[in-house]
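*Asks:* Here is what each chain is made of, one letter per residue.
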Amino acid sequence: MNICFEQLSKQYKTGRGVVDALRAFDLTIGDGQLFIILGPSGCGKSTLLNLAAGLEEPSAGTIRFGERVVASAEEHIFLEPGERNVAMVFQSYALYPHMKVFDNIAFPLRNARRKAHEIRLSVQRTAAMLGIDDLLARKPAELSGGQRQRVAIARAMVRQPSVLLLDEPLSNLDAQLRMATRAELKRLQMEMAVTTLYVTHDQTEAMTLGDQVALLKKGRLVQAGTPYALYHHPATPFAATFIGSPPMNLIPARLATSATEYYAWVNDRKIALSAELKAKAASLPTGRILLGIRPEHLRFTDQGQLEGVITYTESLGREIVYRVACAGHEVLVLADHPARETGRSVALAFDSAAVHLFPATEPADDPPDKPPLHGRPPRHG
Amino acid sequence: MTRDHRPASDFRQARQPARRPPLTRDQVRGFWFLSPLFGFIGLFILIPVLGTIADSLFRDIVYLPVRFVFLENFRALWADPSFWSAVRFSALFVLVSVPLEVLLGLGIALVLNEPFALRGWVRACILIPWAIPAAVAGRIFQLVYNFSYGAANYLLDLLSISREPLNWLGSDLSAFIAVVVADAWQTTPFAAIILLAGLAAIPEDLYGQAKVDQAGMVARFRHITLPLLKPVLIVTLLFRTIQALRIFDIIFVLTGGGPGGATESLSMLAYRHFAAGDFGYGSAASVVLFLMAVVAAIAYVRVGRFQET
Amino acid sequence: MNERQVKKLLVYLGAAATLLFCLGPFVYMLLTGLATEPDFLRPAKAFIPTWDHYHSVLFSETVHFVRYLINSIAISGISAVVSVFIAALGAYALTRLNIPGGRPILLIVLGISMFPPVSLISYLYKLMSALGWMNTYPALILPYIAWTLPLSLWIMVSYLEQVPQELDKAGLVDGCSRLKILVRIILPVAAPGLFATLLLAFIYAFNEFLIALMLTTDQAARTIPVGIALFEGLHGQVAWGEIMAAATVTTIPVVLLTLLFQRRIIQGLTRGAVKA
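Protein chains in written order, with this note's numbering: chain A, 118 to 498; chain B, 38 to 346; chain C, 1395 to 1670.
Derived from the structure by calculation, the hints contain no laboratory data. Check each hint, because a few of them may be wrong.
To be verified - Derived lysine to any residue pairs resembling SDA-like cross-links, with alpha carbons at most 20 Å apart: (1) 387(A) x 467(A); (2) 1520(C) x 94(B); (3) 248(B) x 1397(C); (4) 1574(C) x 214(A).
Model the full structure from these sequences, guided by the hints.
*Replies:* This is the structure:
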């Protein structure tokens, strides 16, 4: 069943005035897709999930599940969560602490007034699928984090929902378990072929898990597409820095044209733009732009397009992140060993095909963004 | 699958096609959930209070025709020495018993806030006076103050304060003291428990830091405990004031308002007139008490809100 | 002596004084109920224990203490259960359903709880007389429900605030109505709080005096505090032994409940009052 959001808006009245959690949001999610809703905290991703679940009413716009309108502010249609055949997995799992695991999983079926033997069969089958069939007699408090998570997933899956909603389901797990569960979630989702909305702030999760990713910022859709498309063709500087770790370098530059070619000037260095970028460059006004280059696309050479001094290094184990002071700007470089010590002058080279161009200001009506909250660890020194 | 609110939303759609409903479905449901609460409080508290206020404007005595007299009852109250005696008693009682109870309560709370063996048991025991009905407490103290064989005179003798037994409930001053002590026994635990919660909320680190800064026990109490406890202290004072204003049960049982009306509170005065069938006059007296309680309640709510910000 | 020792001494002295102050009159009540004569403190007299007073309180036809006690338990029990359920509904609305003006509602209810009961009783008297309900259970139960509601509401709000909102969301998604979420999920999770509220509402109703004094006339509905307050004895002299035996019978259950659940009661009381 596909999901369609049309001109969806949600406003909250708070003590300090009206907050737009979601503004004129349009998105279509294909049948059976695992669709990631990605964004920093406060971007409206959880609101979107709550609207899809029916936990909140939209201020404007329409939500469609397949052909059925489940919520429309304009037409005064609103289906309760129980009438939408949605299932949800919460960040805290929200298991009912007073019920045994069996009763937790059976709860939605009992509410749907299924027959007792049918409930027993469904619960046991789902529990077996998730490997928790030996925990059915326990209370949630007696389970580990990972086990609770499985129970939450089982409770969501057991009624074979037409839409599955996941709200940061992995963020309460430790790193190792998260990797394993990620793979398993993907497998389960494909087996059940259920249309899934998956909310996360973790871009790695989004990249590895999603069929499609929608990136949100301040209640607006920034970009939607495959992880590949978002990584390789970010639409805005925000998308460019939010996705990928360490984040893409955005170097202020000037765009110039000659009779036949486009150039970018970084201070007094002239950088030729590749053929593919010319169309993009043509759409930008000449003058101030941002030149985007991913740290992994920069390499140290003897003679390159940029020169600078290493100010700081940080080992990631296999690779090293360098900070290079370069033409009055700090550039991140991701490179293999051997390590280069700080203070050394280096030259940086890159393929002109790896360059992205952005207008100097963000297209949204908001002031330029602070560095993304996630994707770059805080640094000292 | 379809539940009762679906037709309701369709109905709303038909009635007002363009406008958004002013309340969300949850809010509408919320008011339904609150309606029994509003219903009970309205029917059995608000309407009776309004009825009493209305009644205070009538001459309403059993077996006599009811007549609207406007403020006549209040004028009569103003001229009634027993009314002024009750006002004086209530004011004195609040002024003496409330600070006494809060001080005693603070002392108990300070003790119970320190770790010592059997602390849990002591804390449980202070709840006993609170749990006993005030009317029963009144009875117990009636026996305590018994002239011939009560515990109060026994104690006077034992502590060599007075060989002569005192007729506790026979003189104005000793009856007043008797009421204050009995009430303190009943209500100090409540003050202690509230203050104990306030003390427990003061971060332990502050005391550690003060010790590092070489502040002594008294200095720590003055500069950390008292200022940080102040909001809770004020709330306790106000709460106890409101309860002390309306005191009835203990006095009714212990002194019956005597001797000669010396310990008659406003509640007692109003009740006496109700019991005698004079509803208009009794209502006027309770309206006066009600207004005093409202002033104190507003103060309480104000302070409560102030604390939050 | 150093400061630590002084403090320790003060604490133990204070604890002893507290115990003496709180338990003294209570023990006096127990002893008098068990003494043949109430004058056992006089120099020449001795304490001679007896069960006679208990016997006459529990089995005598002419005093109605047992009936009063049954009335009290039934009236307070029913009032507390209804009050707590209504309060739970209200608290659910106030903590979950984004009621506009939720905070003012709570404050107004708190203010109402401070009305002096004497300003209600004349009207309640007229109302119950008009309905022909004087001296019946409903005459007390209905006002008691209203009377305990502010307390119940405040305590329930403070407990329901602590139950994670995601449980409600999970319940909604799992196909529950709001009422079912409250009854099947939130209340079981908040069961300790529910129990504390029930206990406090029961004790408040059980100890109420003025309304019961005004609206009852005899053992048909009279509650035990009124019964004990008005008991004058059969032979002219005040029957202290019987009164204290009755007082003991009355207070022992409440005191036991209080001692057993002191933690919950203290928690409930402080939440109701400090959180204002």
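*Asks:* Just to be careful, I want the Cα atoms of residue 1574(C) and residue 214(A) compared with a cutoff of 20 Å; is the pair within it?
*Replies:* Holds, at about 16 Å.
*Asks:* Is the Cα-Cα distance between residue 1520(C) and residue 94(B) 20 Å or less?
*Replies:* 16 Å, holds
*Asks:* Can you confirm whether the C-alpha distance between residue 248(B) and residue 1397(C) stays at or below 20 Å?
*Replies:* With Cα atoms ~12 Å apart, residue 248(B) and residue 1397(C) stay inside 20 Å; holds.
*Asks:* Are the Cα positions of residue 387(A) and residue 467(A) separated by 20 Å at most?
*Replies:* 13 Å, holds
When the structure is compared with the earlier hints, no violation turns up for any of them.
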